[in-house]
Structure formats: C-alpha cells, structure tokens
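Protein sequences, first through last, are from chains F and H. Heads up, the first sequence stops at 584 in my numbering, and the numbers go up one at a time, no gaps. Heads up, the second sequence stops at 584 in my numbering, and the numbers go up one at a time, no gaps.
For the record, the hints were derived by calculation from the structure and aren't laboratory data. Just to be clear, a hint being listed does not mean it is correct.
Since the list gives no way to pick out one identical chain from another, each pair is judged satisfied if it fits inside one copy or across any two copies.
[Claimed, not checked] List time: in silico SDA-like cross-link candidates among lysine to any residue, alpha-carbon distance up to 25 Å:
#	residue 1	residue 2
1	Lys301	Pro108
2	Lys201	Gln345
3	Lys471	His516
4	Lys500	Glu45
5	Lys500	Asp24
6	Lys124	Asp113
Because the structure is a prediction, the values reported are computed rather than measured.
Listed below are the residues making up each chain.
Number of protein chains: 2
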Amino acid sequence: MNHTEDLTRYIAEFVDEMVENGIDNAVISPGSRSTPLAMTMTAHEQLKEWVVIDERSAAFFAQGLAKKTKKPVALVCSSGTAAANYYPAIVEAKQSRVPLLVLTADRPHELRDVGAPQAINQLKMYGDYVKWFHEMALPDSSELMLDYARSKAAQAVDTATRGNPGPVHLNFPFREPLTPDFTLDDVWGKERRGEHFSFVKGKKILAETELEMILAKLSGKKRGLIVCGPQTDEQLADAIFELAEAWRVPVIADPLSQLRTGQQEKIHMIDSYDAFLRDKEIREMLTGDFIIRFGAMPVSKPYLFYLNEQHDAMHFVVETEEGYREPTGKNTFFLHADPQSLCNQLACLAERVDIAEGWLQKWQVMDEIAGSYLTGADQNVITEGTAILSLADKLPDDGVLYSGNSMAIRDVDSFLLQTQKNVDILANRGANGIDGVVSSAAGAAAAGSPVMLVLGDLSFYHDMNGLLAAKHYNLNLTVLLVNNNGGGIFSFLPQASDEKYFEALFGTPLDIDFQHAAALYGADYRLAENHATLEEALEQSRQQAGISIIEVKTDRAQNAAWHREIWDHIIKAIKTHHWQEDSL
Amino acid sequence: MNHTEDLTRYIAEFVDEMVENGIDNAVISPGSRSTPLAMTMTAHEQLKEWVVIDERSAAFFAQGLAKKTKKPVALVCSSGTAAANYYPAIVEAKQSRVPLLVLTADRPHELRDVGAPQAINQLKMYGDYVKWFHEMALPDSSELMLDYARSKAAQAVDTATRGNPGPVHLNFPFREPLTPDFTLDDVWGKERRGEHFSFVKGKKILAETELEMILAKLSGKKRGLIVCGPQTDEQLADAIFELAEAWRVPVIADPLSQLRTGQQEKIHMIDSYDAFLRDKEIREMLTGDFIIRFGAMPVSKPYLFYLNEQHDAMHFVVETEEGYREPTGKNTFFLHADPQSLCNQLACLAERVDIAEGWLQKWQVMDEIAGSYLTGADQNVITEGTAILSLADKLPDDGVLYSGNSMAIRDVDSFLLQTQKNVDILANRGANGIDGVVSSAAGAAAAGSPVMLVLGDLSFYHDMNGLLAAKHYNLNLTVLLVNNNGGGIFSFLPQASDEKYFEALFGTPLDIDFQHAAALYGADYRLAENHATLEEALEQSRQQAGISIIEVKTDRAQNAAWHREIWDHIIKAIKTHHWQEDSL
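Isolated chain F, as found in the complex (with noise of 0.2 Å):
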C-alpha cells in the first residue's frame, strides 16, 4: 500500500458509507488541508455538493438544508480558524435538534502544538455542542482500516439522527501529499465490502399503565389545554387536532408548530393567543386545570406569563426521547414518547376526560376577535405587522417562510394565522440568534422549493454573505427585510427611554442603503412603501428563480407605539365582549 491508495481508500470508503447511511448533501468551503474529503464528495455520484466560502455562512446553510429536508448534512472544511466559524450554527443546530455531521480537516499529529501554520488544536473544539467527537485515524487501507472508516462513518449518522438529534464532529488528520486518485480499481469498495452498518430504530410508545398515571392526574380537571410549540413535523397537525376534537380541548399554536399551514381542520386551534394573553385579567378569566405541550416552548412572551401564573395546573411536556424543556420551573410530568402515538392514544381515552362546557368556547371567542382585529389592521399604511399579512397571501403553496429571530417571529407570530397552503414555517429557534438566518434560509431553499424569508436589517446585515450561496445556485429566496434602522425590539425594553445609552447601544441605527447589497449579489430589489407593491413584488419574486429583495422601511418608536394601539384595542374588545356570567 502506498500514501495515495491509504488515502484514497479510506475516505472512499467513508463517504460511500456516510451516503449508505443517508447523508445526501454536503456543504463544502474552499481549502487545501480538506482536499480529500472535498475530492472524494464531488467523486460520489449520490452525493450532492454544495460550496459555500465563509464557513460561518456554510455551518448555517447545512443547518437550513438538514431542517427542510429533516435528513442530516455533512459540512467539510479545512483546518484552524475554518472550523471555529462553524461554531454558532452548530449551538444553534445542537439546541434546535437539527443533524449535522461536521468533519473536519487537520494537520496530523507531528504538526500539532508546534507552532505549524494554520494548525489548531481542533480535539473537542466545539466542546458539548456536539453530541459526539471522534479523532479518526490517519489514513490507512488494510482491511481493518477501511472497516473502521466505514463504521466511524455510519456511527456518526446514526449518533446525529438518533434521540434528539444534532451535530458530531469527526476530526481527520491529513498527511500530503492530499490528492486522491479515483483510477483505482473499486474506489468505493462496493465490489468488495459493500455497506458496514444497518439499523432499525423504533419508537418510544407508552405502556397501558403509564397511560392510566396521566389519566390519574387527569382525575377531576375540567379546564385542559394543547399547546403545541416549535416543531418540525408536518404529520404531528392531523393528530393533534384529533386530540383536540375528541377532548374538546383549544390547541394554542406556535407559528413554528406546523399547525396553522396545511389542509386540516383547525377549528380547535388558537392562534392569536400572543395578542390577548398579554392581559393579566384576561389570562385569569383563562386559568387552566392541564396542559400537555409538544414542541418546544413556544415564542409568545404573553404565554409564558400566562404559564407563569398557571400554579394548580397540571403541567404535562411531551418530549420524543429526552429534554427538560420547561422554563418555567413548575411541576412538571415529563412524557417521553412518539408524538403522534400518544395523540393517537390519548384521543382514545376521551371518554375519561371530563372537560368543562364552554371552556373551548372561550378561547375561540376571545381568538376569533384578536384575528379580526390583527388581519383586519389598517393597510394604508405598511407597518411591521400588515407586511406579514401580505406576505401571508403571497406564500407560495408547498414553499416555506424562513422566518428572522427578534421582531420578524413575533410579527410572524401575531400576523399570520392559519392558512390552507402546505407550508413549512421554520426559525432558527434553538438559540434565538440574529446570526446565520440567511443563509439557512438559502440551505432550506437548497432543498427544492422557494423560500420566502423575512427578517430585520440588523439579522440581514448579520449574514449578507450567506446571499453568494443562492446566487452561485440560483435559489429561489424571496427576502422581505424590515427596515427599522437598527435593533427594532429593544424599543419595547425599559432602557428604551434613557436617550443617553439607547441609540448608541440598542438602536444601533446601520443607516445602510440595502439596495447596494442587492446589486452587490445580483438580486432583484423592490422598495415596497405600499401594500400594492408589495403584494406585486412578492407575487413576482415567488415565480422565479434567483435573489429577490423587498424591503419595507419602517421607524422603530412608531412601530412599537402601532403595536401596543392594536394589542390595546384587541384587549378592550374582549373586555367589553358580552361574556355569560358562568364564563367570567
């Protein structure tokens, strides 16, 4: 065996098992340490490549690929500071339960810690942010090499799909000369080994006599709630909703649940919970007895009040494997088990579940005057708010809204309600960042479908650079900035009125002029300062391919002055609602 075949084999052998095992997109960046692995991926012909150049762009594009696609990304690139610019997406994959399979190129051994260029100390760098870290060996093609190499490679798509899921780290140290040499014969080892490492995996499905614990706890309250928080699976809506209908309970549901897009039913549903539960009166005409919560904690501030003050509630969290997802620090029972098993289980039960009259009533009234109020806002003039129900009626079937962190979710949040369109409504909600939205908005596009994506210019302006992705590919991503000239939501904090320290330290105005931007990356760019146009351009940018820009401009103070009238008017609304005394 000589360099070049230990070479070669080995990473062959490791990719073709990295594909067997399901991985069918990788995320490469430019550099000469990782040319073997970089190689070897453009030689697969079941593997997708995609190059992407600032590694911090790349990590959250993967991020975005692996989200839509629901399948795990591989993400290469060279050695040293590379592989530290993968880092926030990586907390961010590992906290949104996203897989990644993040390899990493090296130096080898004898050009560690001596002061070598570019060489990092790259062991367990990302330290509990991957859920695991492996050092492969130096290349080598014996046979019982090239069986480690396949079975590390399966190993690790298996450990980032497995339980919750999320990013591990292989580290490979490379010897020169990197080049590998594709003449040999049976480069993949398919003739001679084919794959190393097969699995079935099943799910967590909960006995007849845990289900009668929850029914216990169940015993003699009458006021029950589904809540359903950050989520990605699509199928989750019809078995909550049969939960739902056969309980006849409201099911409060985030925007980033799956719940409000798609075909189904959603007369059981609450979607504009975040308006009215910012009242202290109104959360207590809603004090509950249970609520059972899957997905994540949902975004709504005004629902975390309102679970706040819930004390003699049952508080039940629904966790597919593992998690202690409660911030609340109540009592909680946590159920680990497959979502829609225990939906389906559940709604089977129904008849020993005893749920008050009119307690869904209520929140259906008190929802249904919100949405009036929130889709019926005045649209002649663009605010935050009324540009997210335009986007709303623009949102292409089968597409997805990538949704910015700060104002843009809770715009999203407030504004738009259920539609009937199949649309995936994905954030980047496991660390709340500001950082890496475009780009995962273009991995999520580099899936197939068109992506609309709306945030603010500060998130904007944060990840510019993940623009150069979907112009080399000619993605279809529609990007509706909100242009409020700085960092919108800290308007609605206290040190909004000290003028002192505000604008220097929280406003942060970028006084930017964005269509350079647009230019700079050859995409389309409208100035939207009317609903009309707006509706024109994003009916026009969602039936092309390629980068669309409309921005809307708006002033920070005015905007959260417009915000806190709707939600005045909303909660007075309900007040002087002619409620029947049993309800009050």
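The hints should help you fit chain H onto chain F, whose structure is shown.
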C-alpha cells in the same frame, strides 16, 4: 440592598478595576442581557467603547486593536450564539498571543438547560482557547462580593497579559431588570475602596551559567544565522541588529518581524530569502551551523524547506515566556528569556563566537541579487507582486500595514523589503485564517493611525461586514483589494491541473463586482489598472479619513506563472554569479 443597587455597584466596581488594571477600550455588540456591562462601560469616563454589531467582526476588531496597542481590550456580548461568533477571533488571539477580556452575559442559573430563549451553555464554551474561564457570581453589593468583583477584574486583566498573552473569558449571569442606576452615590466605589490589586512583573533574564551553556553549544560553529519571525515589539530591532553587528551574522527578517521597517541601519538584514531559498542547490550553499530564532516561525515556505535540511545545525528558539514553536521537529534548545535582554547579553559575548569569513557576505550578495530583481520587477503591467511595490512606496509614516493571509502575506514577504518608515506590519498569523482580516485592520485603525490593508478577494468577501465599524467611526482605512476572482494560492497546488475538480472546489470564483460593496459602506472606490493610478489612489487615500477601496484585478493562472518566472530569474542569476571558490 436591592436588586438594582446590587447590579449597579457590582458591575461598576468590576469595570472600574478592569480600567485601573489597564483596559482602555471595550468593543460592545448590542443585546439585551448584556445591558449592565454595556451601559456601565459607556458610563465609565476613562473607557472608550466601540459598538460593533456582528460579533465575529467585533472580536476580530478587538484583536486588531489589542495587537496594535499591545494592551488588552474588553469584549462584551449578549447570551446565545452571539458568544459563539467570537470563537474564530478567540482562536486567533490565543495563537498569536493577543490579550482579550471576553465578557459574556448569560441567563441566570434557573433559566439554564430548561429550553429558555437564547440560553446556551456558555461555561467553558471556548475550550482550550482561553487562558482562563471564570463563571461570575450573581450581582451582589456586599463588601465581600464587591472585593470579589474587583479581584476577578484584576485577575482577568493580569491573566490575559502575563506569560504568553491571550484571551480570558468571564461569564456573567444576570437577572432582570437589567438597567443599572448611575444616580447612586459613589457608583464606582472610588471613595470607599479604590483599586484592589496592583502588580509589578519581572522579566526572564538568563544567568551567567545559562549563557555558558549556550556558548558551549556554539563552540566550533562558524556559520550562524539569526532569524526573526512574526512578533510585535518594534524595540527588538535595535537589539537584534546590534547582536548581528557584534557577531557578524545575517538576520533573516520576516515581514512581520518589525525589522524591515524603521530607522535602524539594516546592513545585516536578509529580506529576499523567500525567493532564493526556493532552490535546493542554493540552500545547500547556505548550510548553517546554528540558528537563533526570535518570534514565531517565519511565513516563508522556502525558509521552512531550508530549515528542514539543517540537520547538523544547533537550533535555538527564544521564547519570552514559554512555547514549543518549532514545527520541523529538530533538536531544539529553547531559551526562555526576554528577547532584548538576551540580545544584549549575547552581544557582549561576541569575542567568544567565531563566525566564518565570507558567510555573512554570501547571504548579502544573494539578498542583493534577489532584492534587485524583486524591486525591479517590470511595472508596465500591474501584478499581485508589483502592486505591493507601489504599496510599499505609499505607506504612511507611523501608520500600519495590515496584511491578509494566503497570497497577500506571501507577496508582502517577497515585495515589501526594507524601508526607513516607521510602519507596523501586522497580520493574523496565529491560525493564518482568511477570516476577520478587514475587522482586524479596522481595529488597528481604531488605535488612531492610518491603516493600509492588503488582501485577496475571498478574504475581503469573508469579512466585508468589518467595513461597517470603519464607516461608523470614520477610521482611516485603505483597502488594497487584490482580486484574482477566487482562491489564488491554490493555483500553486498540484491539484491545479485537475480541471474536473479545480474551479468548483479550489478556484471558487466569486464573480462579484466589489464596487457595490464600496457603495454599501460609503467607501471611496478606485479600480487601479496601472501603477500610476494605483499610486495616485494610495496617495489620496492615506490623506483622508474614511474607507478607500482600491481594487487591482489579476488572473490566477497568470499570477502563478509570473511568480515562477521571477523566481527562476533570481535563481539563475545567483547560480551564475561569480562566486569565489571557497564559498561554494
């Protein structure tokens, strides 16, 4: 004591002590959780704050500012992925020994690992890349805890600056409300407590017996070499040249050694070695007996080839404090000593060192031949090399040249030869990344001197976000953008001939018109198609504040060929030089 008083006094005394111990600058990224740190730093009158929105840029900005000022800089960000964006610059700072105080705001303990928004595990999140991590206690204004806050601030600054300087990380849990109250009496605790820890710090000076050990190793060695790699102490040049004069040995001076620039007589300096050490025969002519290196390993790859072949030489590596920066793996005698003092001590021992006649001259002759080819390169056509000649000509006295990595630093190495100007030549040579370079240069400019930055298009693209701070603070930053539309350095690799993979994986053309980037950040823009335009643009730019972008467009393949041609000429000229018998 109430919450706001606890918060205010605790953070104010922390910040005050940090300032007392030598922090003059803080780079702050906007966020809510970091409000106590951000507002208090802004309120402290002796601290200058810089608001930089993209945290990746912010950390590189701080790194550039700390590198130029040789003083630690504080970094402040909010919780979540914000902190993860610091990672690339933290890695660079650790490896290039730049002191940083990384201060991250965090959620309090009860909001950790429970799925709370923007809460990630920030403890030890930078792994081995910080010299020290400490989780701060919750704010508390008892006597004991104010002493604690002060002592931790002082410890942090001391740890960042002592030994090999580097980043330290303190994580601050904060509960709401987050706004401090500066109307309290004696907020800074100056009257009640004053500063807490002060330090005097000695230098490592070798004893007589240790010097004798060195002399014993040098016994009979006649062909000696002093090498100075990347280091930032501009005072070291005098001491090294005095030693070289005393011993009559050549000094190989890396472009980042701070030896090539400045008023000193430089007759012992060799600065064109990168060209002539490419040839094996020439390297054999220069076989040495001992090498004493100051600073990190030089940038030059041919120097590394040379070093690898010096099997019989004694290798000395001088480290101010500690380190193993010797990637060739040769037998090495590490000298842990203050470099200036060591030079002075060694110079006094000159009569006990016996250098061969003609040894210094041989290096000088080769250097002169190579230097005349390099500085005399045909300037009718503008090339990546000759652009540096114009740049060298127009460097502002008392300014900074910041060099990008990859091709840029190699061309600076080849073409930026000695000058009397007092210019700092800086680069990110800890991990040699192409990331963060614009921000590092902007950070260096924030120290007050005009900065000229030379870098390639991939590196510029990677960190265009870095221009925002330069625009916002109207820094004097000139960018010489050498645009070869992709990864120019890869054209020197063996895989450059592999057409199937090369352009997609290594060439990676950006196809971007950077004029739009200039417009985006309000920068002056000039395309320099010849040397006259280039020099005029450089001249103009250095005289005005704000960003100037001067673009030179080149062709990757032509560039590789052009470099090879010059090297061939130099090698041929040296070989056909009329050498005296005994020097061959």
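Here is how each hint holds up against the structure:
1. In this assembly of identical chains, Lys301 and Pro108 lie within 25 Å of each other by CA distance solely across copies; the values are 18 Å between and 49 Å within a copy.
2. Taking identical chains as interchangeable, the C-alpha atoms of Lys201 and Gln345 lie at most 25 Å apart only when both belong to the same chain, with a minimum of 20 Å there against 71 Å between chains.
3. Taking identical chains as interchangeable, the C-alpha atoms of Lys471 and His516 lie at most 25 Å apart whether they share a chain (15 Å) or sit on different chains (15 Å).
4. With identical chains, the CA atoms of Lys500 and Glu45 are at most 25 Å apart between copies only, with a shortest distance of 14 Å across copies and 60 Å within one.
5. Taking identical chains as interchangeable, the C-alpha atoms of Lys500 and Asp24 lie at most 25 Å apart only when they sit on different chains, with a minimum of 21 Å there against 53 Å within one chain.
6. With identical chains, the CA atoms of Lys124 and Asp113 are at most 25 Å apart both within one copy (15 Å) and between copies (21 Å).
In this structure, every one of the numbered hints holds.
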